[in-house]
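S.K.: Listed below, chain by chain, are the residues.
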Amino acid sequence: MEHEPRRVSAFFRRGRPVQIDVDGEPVQAFEGETIAGALLASGRRILRHTPKGSARGVFCGMGACFDCIVEVDGDPGVRSCITPVHQGMKVRTPKPFQRGK
Amino acid sequence: MTSTDVVVVGAGPAGIAAATQTARAGASVLVLDEYSQPGGQYYRQPAEGICPTSSARIFEQSERGHSLILEAKQAGVAFRCEALVWGAFTDGTLAVHSAGTSEVITPGKLILACGAYDRSVAFPGWTLPGVMTAGAAQALLKGQGILPGRRILMAGTGPLQVAVAAQLAQAGARLVGVLEAVKLGRLVSSGPRFWGQWGRLREGLQYWRTLRSANVPLTFGRTVIRAIGDGVLSAVVTAELDDDWSAIPGTEAEVQVDTLCTEFGLVPNTRLARLLGCQIVYDPARGGLVPLYDDAMQSSRSGVFIVGEAAGIAGAKAAELQGRIAGISAALQLGKGDPYQCGQRIAAAKRELRSELRFARSLNETFAVKPGILKLLTDDTIICRCEEITAGEFRHERPAWISTLDAARTVIRVGMGNCQGCMCESLVAQLLAKEAGRKIAEVGSYHIRPPLKPIPVGALADLSEKLPPPPNRMEH
Numbered sequence: 795m796e797h798e799p800r801r802v803s804a805f806f807r808r809g810r811p812v813q814i815d816v817d818g819e820p821v822q823a824f825e826g827e828t829i830a831g832a833l834l835a836s837g838r839r840i841l842r843h844t845p846k847g848s849a850r851g852v853f854c855g856m857g858a859c860f861d862c863i864v865e866v867d868g869d870p871g872v873r874s875c876i877t878p879v880h881q882g883m884k885v886r887t888p889k890p891f892q893r894g895k
Numbered sequence: 007m008t009s010t011d012v013v014v015v016g017a018g019p020a021g022i023a024a025a026t027q028t029a030r031a032g033a034s035v036l037v038l039d040e041y042s043q044p045g046g047q048y049y050r051q052p053a054e055g056i057c058p059t060s061s062a063r064i065f066e067q068s069e070r071g072h073s074l075i076l077e078a079k080q081a082g083v084a085f086r087c088e089a090l091v092w093g094a095f096t097d098g099t100l101a102v103h104s105a106g107t108s109e110v111i112t113p114g115k116l117i118l119a120c121g122a123y124d125r126s127v128a129f130p131g132w133t134l135p136g137v138m139t140a141g142a143a144q145a146l147l148k149g150q151g152i153l154p155g156r157r158i159l160m161a162g163t164g165p166l167q168v169a170v171a172a173q174l175a176q177a178g179a180r181l182v183g184v185l186e187a188v189k190l191g192r193l194v195s196s197g198p199r200f201w202g203q204w205g206r207l208r209e210g211l212q213y214w215r216t217l218r219s220a221n222v223p224l225t226f227g228r229t230v231i232r233a234i235g236d237g238v239l240s241a242v243v244t245a246e247l248d249d250d251w252s253a254i255p256g257t258e259a260e261v262q263v264d265t266l267c268t269e270f271g272l273v274p275n276t277r278l279a280r281l282l283g284c285q286i287v288y289d290p291a292r293g294g295l296v297p298l299y300d301d302a303m304q305s306s307r308s309g310v311f312i313v314g315e316a317a318g319i320a321g322a323k324a325a326e327l328q329g330r331i332a333g334i335s336a337a338l339q340l341g342k343g344d345p346y347q348c349g350q351r352i353a354a355a356k357r358e359l360r361s362e363l364r365f366a367r368s369l370n371e372t373f374a375v376k377p378g379i380l381k382l383l384t385d386d387t388i389i390c391r392c393e394e395i396t397a398g399e400f401r402h403e404r405p406a407w408i409s410t411l412d413a414a415r416t417v418i419r420v421g422m423g424n425c426q427g428c429m430c431e432s433l434v435a436q437l438l439a440k441e442a443g444r445k446i447a448e449v450g451s452y453h454i455r456p457p458l459k460p461i462p463v464g465a466l467a468d469l470s471e472k473l474p475p476p477p478n479r480m481e482h
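The listed protein sequences correspond, in order, to chains A and B.
Taking our numbering, I'd label the letters of the first sequence as residues 795 to 895.
Taking our numbering, I'd label the letters of the second sequence as residues 7 to 482.
Isolated chain A, as found in the complex (with noise of 0.2 Å):
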């Protein structure tokens, strides 16, 4: 269930192939997506750990809970439903007890 496409391909083409960097492993993405959408795609749901060390996702999608932040490219706190994803980016889930590394 987990690895089923979840990108919808009757309505949409698609913009050009990117990949990103998440924790270390290569992510297919497509430019235009956000950062959660890509996950979501790739059967990442699992966006953080909270520093309590529970699981979070994307929760409401228009960047106002704050659930879904993840480190980009160094900067901590992105919130990963609105940010597009680029080339290259590094994405970096955070880990419980291992806030900042």
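Treat the hints with care, since some could be wrong.
Said to hold, decoys possible - 25 Å max Cα-Cα, derived DMTMM-like pairs, lysine to aspartate or glutamate: (1) 884(A) x 825(A); (2) 889(A) x 394(B); (3) 189(B) x 371(B); (4) 884(A) x 412(B); (5) 445(B) x 412(B); (6) 846(A) x 403(B).
Said to hold, decoys possible - Some, not all, of what chain B presents toward chain A, calculated at C-beta under 8 Å: (7) 135; (8) 150; (9) 177; (10) 215.
The hints are simulated quantities; they were obtained by calculation from the structure and are not laboratory data.
Keep in mind the model is a prediction, meaning the values are calculated, not measured.
Backbone N, C-alpha and C fix where the C-beta goes; we use that ideal spot for every residue, glycine too.
With the hints as your guide, set chain B onto chain A.
M.R.: Chain B in isolation, oriented as in the chain A frame:
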């Protein structure tokens, strides 16, 4: 320091309409929006690089939005996207963060069209990845052509969840069902309130047909009471609700899903208005805390207008009409536009608006979240998602003297995190009112301070010289 005749905050239906009218009257207009493209949630534009390849129904609103944005630009409206208004100061100056730097803008007139947030209804497991708002699912689909999950349950109340479910089904998502918390009998008995709204009833019927042809059952009087999963969502438990929305014991059922979309209505985003000192009242039939406004959509602060969902939940049509009224009025205040013609156009918009607001009130009251739903909060259910504060901590550690939202925030830290209370304010208000034995209207609101959303410290560094002097503390 940038100055412009009129600044509009928010590029959704209300903001676009307001800006277009002001520009047509001959004033300079700048629209600021936090997202990468104008349109807001309702007129969401597909992301750049992603093209819709058909004129499927799911793109109807995006297409209309696209032409309205073009019209606005032709009228001379300047849009600045990825621009976050994070502060406002007593003299009306706005602090804006965009492209890694902050600046201050002093508008002649200010139109707030900041939209709304999803109302949080909490239940055990609602922080699990896989649980998201229907709005998030819709944004993923309409903006990027991505399905939120493979096996989806929709639960909540109101027509929006049915619309989103129909869109998801059309795009090929597998929906196991749509749960409407309101009982069918109750909906039928509110039927007369919607007499005359044929266009809308027809639209609803179309969604229902789409769901039926996709074999998606629509169930009334039932909702989700628990989300289950080890790290990620794997199942939800649903139950029948009584009239007060308390779960009826013995009616529980477990459903295997990887995604739960919830939709319990919207809460007006009044944060910028509150920061500016605009007067706010509690009106549940308009979505909760809402600003006072006059006939011109002007708030209690002269020169500050509030339109759209931010002025009370009333839908896109009302938002557009309010935007029009505010846009023309702001221009008139600046001495632009022909007073007679403007007056005629405002009067026409007002006539239409009256029936829209009446309809919205009926809708909001019919699908209002009932207090029994609070019983879903077990002691370990999170109420403040950012600070990870549970209902148990709130109930057992709340000193008795804490009976306002602001005091609760200071002492218990609810609403202190990254979202600055957007997500939990209405939820904590309900819980606090219940625990303290007060009315929701009596617990007040979180005090709003800049920055409205987290911004990098570096973005502030170059701002110190651009800011007006700090307000006199004695005024507060």
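S.K.: Each hint: holds or not?
M.R.: Okay, the hints, checked on the actual structure:
| no. | hint | result |
| --- | --- | --- |
| 1 | 884(A) x 825(A) | holds (15 Å) |
| 2 | 889(A) x 394(B) | holds (16 Å) |
| 3 | 189(B) x 371(B) | holds (14 Å) |
| 4 | 884(A) x 412(B) | violated (39 Å) |
| 5 | 445(B) x 412(B) | holds (15 Å) |
| 6 | 846(A) x 403(B) | holds (19 Å) |
| 7 | 135 | holds (3 Å) |
| 8 | 150 | holds (4 Å) |
| 9 | 177 | holds (5 Å) |
| 10 | 215 | violated (19 Å) |
Checked against the numbered hints listed earlier, the structure breaks hints 4, 10; every other hint is satisfied.
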